[in-house]
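Engineer: Required output: the full structure, derived from the provided sequences and hints.
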Amino acid sequence: MTLTTLAHKATRAPLHLGLAFIGLLWLTPTVGLLLTSLLPAAQTNTGWWRLFQEPTLATLDNYRGLFDNAAMTEALWTTAVVSVSNTVLLTVVAALAAYAVTWLSFPGRDVLFVVVVALLVVPVQIALIPVFSLYNAAGLFDTVLGLVLFHVAFGLPFGIFLLRNFFLGIPHELVEAARIDGASEIRVFLELVLPLALPAIASLAIFQFLWTWNDFLVALTFARDVQPITVAIFSQARQFGTNIDLIAPAAFVSLAIPLAVFLAFQRYFVKGLLAGAVK
Amino acid sequence: MAARGRMSWTAVAFVAPAVVVLGVWLVFPLVSTFVRSFFDATGAEFVGLENYGDLLGRDSVLTALRNNALWVGVVPAALTAIGLVFAVLAERVRWAVAFKIVVFMPMAISLFAAGVIWRIMDVQDPEQGAVNATIGVVRDAFSPEGVLSTAQPSTETVTGSLEAGFESTSQVSAGQTVTIGLTGIETGEMPADARQADPAQPTDGAVTGTVWRDFRPGGGEPGVIEAQEQGIPGITIELLDSQRDVVKTTTSDRAGVFVFSDVAAGDYRVRVGPQSFETPFAGVPWLGPKLIIPSMMVAYIWVWAGFAMVLIAAGLSAISREVQEAARIDGANEWQVFRHITAPMLRPVLAVVLVTLAINVLKVFDIVLSVAPGSSQDDATVIALEMWRVSFGGENNFGLGSAIGILLFVLVAPVLLLNVRRLRRDQT
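Chains as they are written, first to last, in my numbering: chain F, 233 to 511; chain U, 1238 to 1665.
Hints in this document: simulated from the structure, not taken from any laboratory.
Don't take each hint at face value.
Said to hold, decoys possible - Here are the simulated DSBU-like pairs of lysine-lysine, each with C-alpha atoms no more than 35 Å apart in a straight line: (1) U:LYS1337 x U:LYS1527; (2) U:LYS1337 x U:LYS1600; (3) U:LYS1485 x U:LYS1527; (4) U:LYS1600 x F:LYS503; (5) U:LYS1600 x U:LYS1527; (6) F:LYS503 x F:LYS241; (7) F:LYS503 x U:LYS1337; (8) F:LYS241 x U:LYS1337.
Structural biologist: Structure representation (structure tokens):
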């Protein structure tokens, strides 16, 4: 018995080793960025793996430099404000619309949902020029509000689609019973459907948060001075190499937050992915 | 009837914000971009299809189209294959969840930051770039640094460097001989077929000579070919004329002897060509114009492999174990089970992964601006980047930019129709 288990284990060793190797391979680039960000500014022309030989070389100076850099800290703050506020707004607007599309009858309901599904894959590029002109006319160019509204709009098709799919799984009788008891639609929505749909709403919120935190194209187009972090790093990257001591910590901070959100809520994130198309 | 009316107003209140936002930021821009694509750069004049003609006549746009075709042809298929392999393998170990989290992690970070990460990985200098450092280590393991990578002249009658080659300081003409003694070569680095060095014989109409390792156990006398000193075989020797042009090349034999025959009258110098000295690995230019596309694809695959894996893994777990078990009991091996049961049942999931990735790859943008240095961007460009450059990158040609936007929309339109058709089918 023990012998066969042993033999079994031996034949499976390559599998474990192979997977461990792949895992290591996948971790290396991120670790490389972290270690690069810890290299002293004078040593940035050496490889990051040097820290394995000389761990004492590691320093937080680059992070001090980053947080002393007003443009960078402002950019991080802008990113945080845009991501959080647009996520809240999107979740509310999408939940209301998904509720209406699922549980209420109104003229054009089916057409609306077909339009929503059609808009799922529409590329952002299609809206850049008209919205640019619109923002210039309306004074929304280079504002947090302009970025927030754009992100809400492009998050809506996926949001409505995802939530409607989830709402459809809630038993119809439950909603009907609440209505017969005299509950208003807003009460049914707030007190019955929302609590039941919390996992789906969490998926949507995490998705939208990560998507907008990580956005580059929209920010690059509609922001000049009110720069989110990706654009701030990009404007530094023109002198790539010489200022790696600023780029590396900035890039690491910019990815540490979505990474933490992902690790904390990864179950919801994966659920959101599995629930349907992805942008 | 009254109740219905009240309900209808509620419905309007519920959908109004979404309808307004979708209308202003998506539907109106879509129509507006379409109309705008028939007007000139400033929007003052209707130009018909001119922008679409310009678009197909522009080198940068054609490069972008070609690059996007390459992306669509390579990346979704590669990712699906990788995702499938990872999902199938991970299913067999108990720590599958940990493995999946690690591979999936890059999905959470921005493509822009991922690009920065790979730009650091891909630096050409093997002292700085991890990819080239790894290649250097592997290369050294299989073929140690060149035979002569540490060679230097043994006497002052020979000068030069590893980069320029070593040459004799004295001039020679036909019928004379030269000796080029080199030292500083490790015993282990000598070619295995080297044997005792021979002095070259003077020959009429030819320049002859010997290139040898001017060292023997105990030292020996520099500049003299002695017993136990080996010739250096198989290296390139060049004959230079008075203009320092290479007029002839030859190769040394096992005893280090070389011969340039039929040499015209005149004074010459003899040089050991620099190609004989294998220089240390200088690094592959991953971020240069030639390799930038594969480098960007690697970065992209690193990010999206987790997506493919997770979707395929979910598909795998939905497949009934009983069918697989039944096949195993019937004597099918693992490959047969995979080939005839698992793979066919996975086909719908694989299709979803492929299509989703194809759409995403068509829109690829961030990674180009973050991985590719400015000097490689013209070769790395894609449709989404061209649209941005033409519209906002200084040219401010909104007419042409709109046309490129519409082109991108047309490319994803088949998937849009597919989605709508699937919805219609589900509704009826």
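Engineer: All hints, please: hold or fail.
Structural biologist: Now for the hints, and whether the structure bears them out:
no.	hint	in the structure
1	U:LYS1337 x U:LYS1527	holds (33 Å)
2	U:LYS1337 x U:LYS1600	holds (26 Å)
3	U:LYS1485 x U:LYS1527	holds (34 Å)
4	U:LYS1600 x F:LYS503	holds (24 Å)
5	U:LYS1600 x U:LYS1527	holds (22 Å)
6	F:LYS503 x F:LYS241	holds (33 Å)
7	F:LYS503 x U:LYS1337	holds (14 Å)
8	F:LYS241 x U:LYS1337	holds (22 Å)
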